[in-house]
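A.B. asks: If you want the building blocks of each chain, they are given just below.
There are 2 protein chains.
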Amino acid sequence: MDKFFAVAVAEARKGMATGGIPIGSVLVIDGQIVGRGHNQRVQRGSVVLHAEMDCLENAGRIKAADYRRATLYSTLSPCDMCSGAVLLYGIPRVVIGENRTFCGPEDYMRSQGVEVVVVDSEECRQLMERFIEENPELWNEDIGE
Amino acid sequence: MDKFFAVAVAEARKGMATGGIPIGSVLVIDGQIVGRGHNQRVQRGSVVLHAEMDCLENAGRIKAADYRRATLYSTLSPCDMCSGAVLLYGIPRVVIGENRTFCGPEDYMRSQGVEVVVVDSEECRQLMERFIEENPELWNEDIGE
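Protein chains in written order, with UniProt numbering: chain Y, 1 to 145; chain D, 1 to 145.
Think of the hints as simulated: they come from the structure by calculation, not from any bench.
Careful: at least some of the hints might be erroneous.
Cut-off 25 Å, straight-line C-alpha distance, at most; resulting in silico cross-link-like pairs (SDA-like, lysine to any residue) [what the hints assert, rightly or not]:
1) Y/Lys63 <-> D/Ile143
2) D/Lys63 <-> Y/Thr18
3) Y/Lys63 <-> Y/Thr18
Please construct the entire structure, taking both the sequences and the accompanying hints into account.
C.D. replies: The structure is reproduced here in structure tokens:
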């Protein structure tokens with residue numbers, strides 16, 4: 001497994017261990033992790049800190065030119081909001097753990113020039129399937145349904 | 001002026017008064033303000049708390065059915081990230097102060113069923129024009145350029 005993707009999975013597991021939704025994310029620039037995070041709906045009562053947003057926030061204020069060399073990893077297909085953040089900052093590459101339990105606007109990101117890679121990780125899918133089965137209301141809240 | 005839009009402008013001015021980017025936002029459901037906020041890049045060093053996101057975060061965890069009756073006001077045309085948040089939560093109506101100094105993906109929101117109203121406020125435009133002229137680097141950072 002890609003070592004950065006493994007860190008995203010570790011973030012998802014950290015989120016689960018702290019009572020939250022098991023989605024993790026990592027931002028990598030020039031082979032270095034500059035931010036990592038996980039969904040904070042439960043832990044911080046946040047409606048904006050999806051894993052990708054928590055990761056971007058933890059990475060802090062980065063120059064536009066640096067975002068342009070970044071890869072954003074997420075264990076789950078990014079939603080409209082998180083995909084929009086990718087477009088806002090011009091992040092050129094997104095690596096997604098799985099998109100079977102939820103699929104965001106991947107084609108829209110591609111149409112805007114983003115390279116979208118789907119790992120189709122069995123581990124990520126199982127994490128989400130178990131969580132959704134046990135917490136359907138929380139999950140629906142997180143995706144606005 | 002629409003009384004809710006006036007609150008969004010007041011939020012933009014509050015943001016400016018605290019040294020930040022003068023963009024404000026209000027979330028209204030059933031004729032009641034349920035959240036308000038302003039851009040927090042300077043004040044909190046945030047890369048995700050654009051005015052609309054700060055407003056949604058301050059509104060807290062809201063039921064999907066309630067978002068479906070909401071109107072989001074913003075003094076400036078929402079960027080890709082904030083427009084994505086509108087789509088994520090199924091907010092059906094967005095009222096925008098102005099889109100001359102910056103224009104987000106309004107047509108994309110419309111294509112996804114969102115009603116987008118542009119007030120074309122001279123006051124909002126002047127606020128942004130002055131800010132951008134005096135703080136071009138900060139402004140470019142906020143829009144990922």
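A.B. asks: Work down the list of hints and note, for each, if the structure agrees.
C.D. replies: Results for each hint:
For the suggested pair Y/Lys63 and D/Ile143, the alpha carbons sit about 11 Å apart, so the restraint of at most 25 Å is met. Between D/Lys63 and Y/Thr18, the direct Cα distance comes to roughly 23 Å. Compliance with the 25 Å bound is thereby established for this hinted pair. Taken as a hint, the Y/Lys63 and Y/Thr18 pair is broken in the structure, with Cα atoms around 32 Å apart against an allowance of 25 Å.
Going through the hint list in order, the structure does not satisfy hint 3, though it satisfies all others.
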